[in-house]
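S.K.: Build the full structure now, drawing on both the sequences and the hints.
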Amino acid sequence: MQQSNESTSNSKKNKPPLMSGRGLPLIMAVLSLFLIWEIAAYIWNKPYILPTVEATFVYMWKQLQTPEFVKALSASSFRLVVGYPAACFIGAALGLLAGLSKGFKSYLRSLIAILQAIPPIVWVPFFTIILGYGHLPIIIVILIASFFPMALSVMNATESVNKTHLELAMVMGANRRQLLTKVFTPETLPAVITGAQVSFGNAWRSLVSSEMVTGAAIGLGFNISSASEIANMKGVLMGIVVIGGIAVFLDLVVLEWIKRKVLRYRYVTGGNP
Amino acid sequence: MMQKLELINVVKRFDSLLVLDDISLTVEQGEFAAIVGPSGCGKSTALRMFAGLEHASEGQVLAGGNTIDKPGPERTMIFQEHALYPWRTVADNVGFGLELAGITREERTERVDQVLKLVGLDGFQRYYPHQLSGGMRQRASIARALVMDPEVLLLDEPYGALDAITRLTMQNELIKLWQGTGKTMVLITHDIDEAVYLADTIYVMSRRPGRIVKRITNPTPHPRDRNSSDFIEIRHEIMDNLDLGSEV
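Chains as they are written, first to last, in this note's numbering: chain A, 4 to 276; chain B, 2 to 249.
Hints should not be assumed to be uniformly reliable.
What the hints assert, rightly or not - Straight-line Cα separation of at most 30 Å, DSSO-like style, residue types lysine-lysine; simulated pairs:
1. B:K184 x B:K215
2. B:K184 x A:K262
3. B:K5 x A:K105
4. B:K5 x B:K184
5. A:K166 x A:K108
6. A:K166 x A:K185
7. A:K105 x A:K185
8. B:K118 x B:K177
9. A:K264 x A:K185
10. A:K262 x B:K5
11. A:K237 x A:K65
12. B:K215 x A:K185
13. A:K166 x A:K264
14. A:K185 x A:K262
15. B:K71 x A:K185
16. A:K166 x B:K71
17. A:K185 x A:K108
18. B:K215 x B:K5
19. A:K166 x B:K184
20. A:K166 x A:K262
FYI, nobody ran anything at the bench for these hints, they're computed from the structure.
M.R.: Okay, here's the thing in structure tokens:
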């Protein structure tokens with residue numbers, strides 16, 4: 004049973020995302036945005052309305068070291084760190100439940116359709132009045148805004164679990180617990196990760212926008228709105244850069260890294276397909 | 002345990018759809034049997050009953066005289082799509098059944114290495130399925146069945162997805178394997194030549210609702226010549242029974 008012509012070279016390098024093909028387009032995208040900004044700033048030449056990139060970065064470098072910024076960053080981080088994982092967890096649990104019950108699935112779909120139709124930010128005044136100022140209303144808005152991509156993703160994944168994969172395990176003698184841990188879980192993992200990435204985008208956007216409209220009085224979103232009230236354009240632009248930078252880092256570096264770690268098998272190349 | 006396989010007056014309905022209409026067949030221990038028929042005739046359903054994945058609406062499905070009511074490790078099925086788990090390496094795929102049975106890692110590695118050598122995949126332990134060619138994947142899936150040392154191998158169009166040349170190679174490998182191990186084999190195929198080349202006994206099924214229209218024995222010793230007159234004669238007989246009008 005030897006087939007020597009099918010022997011292959013085995014190269015399996017797993018490059019980190021920024022070093023691979025994805026890194027360059029990202030850097031180009033960032034640079035092009037800065038370039039447009041810089042050209043506009045020079046042509047317009049009104050630094051109090053549109054400061055240059057370098058002026059903003061000098062300002063930012065000083066601001067980053069102030070206790071006000073550190074406080075804002077830690078307040079926003081706290082809300083994200085509580086709200087986002089909770090949303091992922093609730094979303095995954097609801098999605099799994101929907102996978103088990105047809106009735107619950109239809110209900111969940113309707114619920115999500117309604118919640119999707121309401122911009123998350125409109126909940127802010129409501130929850131602020133009920134719960135008062137502070138972290139809690141914002142965390143709840145993050146939950147509402149970001150549980151459903153995860154729920155939908157997991158729900159669809161439970162529908163599409165490969166039937167042959169399940170039957171194979173049954174033929175091999177798997178019990179119910181083994182079916183769950185050795186087939187269902189790895190089979191739905193890619194969907195969980197996709198869900199987590201989409202949920203992150205929702206969580207981050209709803210976090211920043213709720214901070215801008217509440218009297219949260221603290222947070223990255225609040226920093227932008229308060230800077231705009233005194234026409235501090237450097238402060239506004241800095242806020243945009245910081246918010247965009249953090250989101251790109253968390254999504255394209257941290258979550259992408261986790262994805263490649265968990266779904267390692269997908270990124271192994273070489274062989275003889 | 003004797004693993005003589007029997008279907009006795011089996012009827013299978015999916016809701017109101019009659020799929021198998023009074024099927025009876027017997028596969029003796031160590032026999033290589035094939036079931037050929039047009040697609041949708043219920044031949045896979047018959048095989049899945051032996052695997053314990055489907056149950057008869059009427060009649061009996063027996064292994065060694067006992068009713069088959071659930072899948073068991075002594076009868077292993079090889080699926081049309083290789084059905085390797087993409088998240089497991091070749092070694093972990095092949096060792097899957099042993100892992101389910103709670104066999105230690107050391108013993109698993111040893112038995113997996115041994116069976117991978119047998120199917121010509123030694124050295125590919127750490128590859129993932131997507132890194133293998135179609136033929137290698139199907140070999141891995143056969144290895145996964147063999148490592149359990151089942152008495153019966155149930156093959157559901159195992160080479161349907163392979164190119165013609167790889168298919169011929171794999172058929173030769175399967176025959177060697179069968180001669181070497183003496184396992185009972187039941188092969189489902191729509192490839193008439195495959196059935197004639199491999200099997201001792203060939204059951205020809207009609208289109209749905211599936212009935213067995215002919216039982217043909219093929220006493221020619223292996224290796225068989227695909228162009229011999231015996232071979233062509235049996236092929237004719239099968240085609241006639243499938244209403245394919247072989248006399249051109």
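S.K.: Now look at each hint and say whether the structure bears it out.
M.R.: Each hint, compared with the structure:
With a C-alpha separation of about 24 Å, the suggested pair K184 (chain B) and K215 (chain B) falls inside the 30 Å cut-off, and the hint holds. Our distance criterion of 30 Å between C-alpha atoms is broken by K184 (chain B) and K262 (chain A), whose separation comes to about 43 Å. For the proposed pair K5 (chain B) and K105 (chain A), the alpha carbon gap of about 42 Å is over 30 Å, so the pair is violated. With a C-alpha separation of about 11 Å, the suggested pairing of K5 (chain B) with K184 (chain B) holds against the 30 Å cut-off.
For the hint linking K166 (chain A) to K108 (chain A), the alpha-carbon distance of about 20 Å falls within 30 Å, and the restraint holds. Taken as a hint, the K166 (chain A) and K185 (chain A) pair is honoured in the structure, with Cα atoms around 14 Å apart against an allowance of 30 Å. For the hint pairing K105 (chain A) with K185 (chain A), the CA-to-CA distance comes to about 24 Å; that is within 30 Å, so the pair holds. Pair hint K118 (chain B) plus K177 (chain B) holds up; C-alpha atoms about 14 Å apart against a cutoff of 30 Å.
At roughly 18 Å between alpha-carbon atoms, K264 (chain A) and K185 (chain A) fall within 30 Å of each other, so this suggested pair holds. Of the pairs offered as hints, the one joining K262 (chain A) and K5 (chain B) is violated, with about 49 Å between alpha carbons and a cut-off of 30 Å exceeded. A hinted pair counts as satisfied when its Cα atoms are at most 30 Å apart, and K237 (chain A) with K65 (chain A) qualifies at roughly 12 Å. A hinted pair counts as satisfied when its Cα atoms are at most 30 Å apart, and K215 (chain B) with K185 (chain A) does not qualify at roughly 42 Å.
Under the criterion of a C-alpha separation no larger than 30 Å, the hint pairing K166 (chain A) with K264 (chain A) is consistent with the structure, at around 26 Å. About 19 Å separates the Cα atoms of K185 (chain A) and K262 (chain A), which keeps this hinted pair within 30 Å; it holds. Taking the CA atoms of K71 (chain B) and K185 (chain A), the gap is near 20 Å; set against the 30 Å cutoff, the hint holds. Between K166 (chain A) and K71 (chain B) the alpha-carbon distance is near 17 Å, which keeps this suggested pair within the 30 Å criterion.
Our distance criterion of 30 Å between C-alpha atoms is met by K185 (chain A) and K108 (chain A), whose separation comes to about 24 Å. Taken as a hint, the K215 (chain B) and K5 (chain B) pair is honoured in the structure, with Cα atoms around 20 Å apart against an allowance of 30 Å. Taking the CA atoms of K166 (chain A) and K184 (chain B), the gap is near 27 Å; set against the 30 Å cutoff, the hint holds. Proposed proximity of K166 (chain A) and K262 (chain A) is supported: the alpha carbons are some 25 Å apart, at most 30 Å.
Violation of the numbered hints given earlier is confined to hints 2, 3, 10, 12; the remaining hints are satisfied by the structure.
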